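Take a look at the letters that make up each chain.
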Amino acid sequence: MKGLLYKELVQNKAMLAVMGFACVFLSVALGIFPFISDEADVSDDTAFTMMIMMFVSILDYFILFCFQGNFIQADELKKWAYFITSTPETAEGQIRSKYFLIVLCDMAVLIWTYVFETIANIFQGSQTGIISVSALLFFLHLFLSAFDLPFMIRFGTKGGNMAHTITLLILVAVAGIYFLFGDLSIFGTTDQFFDKIMKFLNGENSDGSILILGLFVWASAGCYYLSYKLSCRFYLKGVEYYAK
Amino acid sequence: MQNKKLEWKRVIIFLILSYLIAYIPEFILGNQMGNIENWTDPKLSVLVLFITYSPALAVVLTRYITKEGWKDSYLHLNDKGNLKYYLLSVFYLTITGIGFGMIMNLMTGKSILQGFSLIRFIGTYLYVTALSVPLGFVTFGEELGWRGYLYPKLEKLIGTPLTIIIGGIVWGLWHAPLTVKGHNFGTDYIGFPYTGMLLMSIYCIATGAFLMWLVKKTNSVWTSSIAHSVNNNAISAIGFTIASEIQEDEITQMQSALVMMMFQFIICMIFMIFLIKINKNQNLPAES
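Keeping their order, the protein sequence lines are chains A and B.
Residue 10 is where the first sequence starts when you use this note's numbering, and the numbers rise one by one after that.
Residue 1021 is where the second sequence starts when you use this note's numbering, and the numbers rise one by one after that.
These aren't lab readings, by the way, just hints derived from the structure by calculation.
Some hints here could point you the wrong way.
Quick partial rundown of chain A residues pointing at chain B, CB under 7 Å, derived from the structure [what the hints assert, rightly or not]:
| hint | residue |
| --- | --- |
| 1 | W121 |
| 2 | V142 |
| 3 | A144 |
| 4 | I219 |
| 5 | L222 |
| 6 | W227 |
| 7 | G231 |
Below 30 Å or equal to it, Euclidean Cα-Cα: the simulated DSS-like pairs (lysine-lysine) are [to be verified]:
| hint | chain 1 | residue 1 | chain 2 | residue 2 |
| --- | --- | --- | --- | --- |
| 8 | A | K11 | B | K1130 |
| 9 | B | K1173 | B | K1024 |
| 10 | B | K1173 | A | K246 |
| 11 | B | K1237 | A | K11 |
| 12 | B | K1087 | A | K16 |
| 13 | B | K1024 | A | K238 |
| 14 | B | K1173 | A | K167 |
| 15 | B | K1087 | B | K1024 |
| 16 | A | K11 | B | K1173 |
| 17 | A | K11 | B | K1176 |
| 18 | A | K208 | B | K1024 |
| 19 | B | K1091 | A | K88 |
| 20 | A | K87 | B | K1173 |
| 21 | A | K16 | B | K1237 |
Quick caveat, the model's predicted, so the values are computed rather than measured.
All C-beta atoms, glycine included, are put in the ideal place defined by N, C-alpha and C.
Using the sequences and the hints, build the whole thing.
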């Protein structure tokens, strides 16, 4: 696995650099927003900084989710697929290195969020603590990837990306319809919404919501593992869909 | 002989560096800001990360200075066939949290599970343990230094039981500037701050034994990083879910820390026996 992981890092170094740059650039671009804002009270507002931090974290995971297909695509060659299956590593090692690379990227985003939040707090004098939110997003990303990756492996990245895009479009459409016509009173006003987030960060959750969160994080990890097992099974079937 | 001398030299360089890198910012902060409850400046989170990574930094510098290279770095995951140890690193120390909560209830005159909500307990338990896994990157710095470098070296030089004791004391004293400023125990207790430093060392001896056992079993510091993260992030959260009705003025920080440490000491010392057993088994062929 060590060797395959090294191969992944070398093979995808350009993509990793682009993703890293995108994450850092977006974070910095959003992070300096409070400084250039006309509203004087915003620049030292902890709630506002927190909102920016959370947005940055969501965007970083979203970038990872959008680009992770490239890690799979990089090895879409029939010759490589049959070769790696014949080695002692087998298809399992190949899939394992891909899944592990995605977790590594997830960890990098989590660490970056921590570092960036610290830097932002120093400059803005605020005291935010969104690392637990970022860790929760870490599991959310694993959960979404668990459904995304087996499709890419079974039907090739072309087919997988189609499923990926359709799913995203459906989600966006459902969210759009809900925000246009649905009941938004559950979110309350902006202040109430942030109050809820602050309560969540301070651990003031109802019994039911904390149970759902607890089950969700472990279910995400479990789904990711099952997805890996499923992908191992699908690997050779997906070779039929490779162009070369 | 030459090898032993070199190993001692490496241990000493590592210790000097890891203490210096951690102590200097801690002393400056302590002088400027007073007790730990005043350490609210956001700049501190950079320093905290820097301090927690000081043993890792010391490993890098020691390996570079002594031209040691990166052999036996314990950096590999080695997860294949070691899933049970990874699971143990996530769940084992949570026993402390459960015991701590129950004893705290009894100490304050409540029934053992007074105010206990099973749904809240399960939710909190699952949530904090899961989140502690990715947050292991915070404790990784310490683990790379202590369990990934100091403990294996000491074990070769002075044997397993002494490594657990001396390693634990070294690890405990490394926390001393924080203990002096009220970390873990507060400042309101008999023999402050020396009692706190002594207790911290005892706690580190016991916890260190478990973490060392994990590293020995998996040859990876990742398991101990996860267990350390669970220790820092999950235990008290789990404990206070059980002891949810305890008010702040009912129990002092020292009392609650003592209960937690007592429990941790009991559940971790078992591993000292395991470690000595492993060592004996490993030495058998050489002795015969």
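Comparing the hints with the structure gives:
1. A distance limit of 7 Å between C-beta atoms decides the matter here; for W121/A the minimum to chain B is near 11 Å, and the interface restraint is violated.
2. Evaluation of the V142/A hint against chain B yields a violated restraint, the C-beta minimum of about 10 Å exceeding 7 Å.
3. At its closest, the beta carbon of A144/A sits 5 Å from a beta carbon of chain B; the interface hint therefore holds under the 7 Å criterion.
4. The restraint placing I219/A at the interface with chain B holds, with a minimum CB-CB distance near 4 Å, inside the 7 Å limit.
5. Checking L222/A against chain B: minimum C-beta separation of about 5 Å stays under 7 Å; hint holds.
6. At about 5 Å, the closest approach between the beta carbon of W227/A and any beta carbon in chain B falls short of 7 Å, and the interface hint on this residue holds.
7. The criterion of a C-beta within 7 Å of any C-beta in chain B is not met by G231/A, whose closest approach is roughly 10 Å, and the hint is violated.
8. Annotation: proposed proximity of K11/A to K1130/B is violated, straight-line Cα distance about 53 Å (limit 30 Å).
9. For the hint linking K1173/B to K1024/B, the alpha-carbon distance of about 10 Å falls within 30 Å, and the restraint holds.
10. For a cut-off of 30 Å, the pair hint linking K1173/B to K246/A is broken: about 49 Å separates their Cα positions.
11. Distance restraint check for K1237/B and K11/A: the Cα-Cα separation of roughly 19 Å lies within the 30 Å cut-off, and the hinted pair is therefore satisfied.
12. For the given pair, K1087/B sits about 28 Å from K16/A by alpha-carbon distance, which is consistent with the 30 Å threshold.
13. A hinted pair counts as satisfied when its Cα atoms are at most 30 Å apart, and K1024/B with K238/A does not qualify at roughly 47 Å.
14. At most 30 Å may separate the alpha-carbon atoms for a hinted pair to count; K1173/B and K167/A exceed this at roughly 52 Å.
15. Distance restraint check for K1087/B and K1024/B: the Cα-Cα separation of roughly 16 Å lies within the 30 Å cut-off, and the hinted pair is therefore satisfied.
16. A threshold of 30 Å between alpha carbons decides the hint, and for K11/A with K1173/B the separation of about 25 Å falls inside it, so the pair holds.
17. For the hint pairing K11/A with K1176/B, the CA-to-CA distance comes to about 28 Å; that is within 30 Å, so the pair holds.
18. Distance check on the hinted pair: K208/A and K1024/B sit about 56 Å apart at the alpha-carbon level, beyond 30 Å; violated.
19. As the CA atoms of K1091/B and K88/A are separated by approximately 35 Å, the hinted pair breaks the 30 Å bound.
20. Proposed proximity of K87/A and K1173/B is contradicted: the alpha carbons are some 48 Å apart, above 30 Å.
21. Among the hinted pairs, K16/A with K1237/B is consistent with the structure: their alpha-carbon atoms are about 28 Å apart, no more than 30 Å.
Of the numbered hints listed earlier, those contradicted by the structure are 1, 2, 7, 8, 10, 13, 14, 18, 19 and 20.
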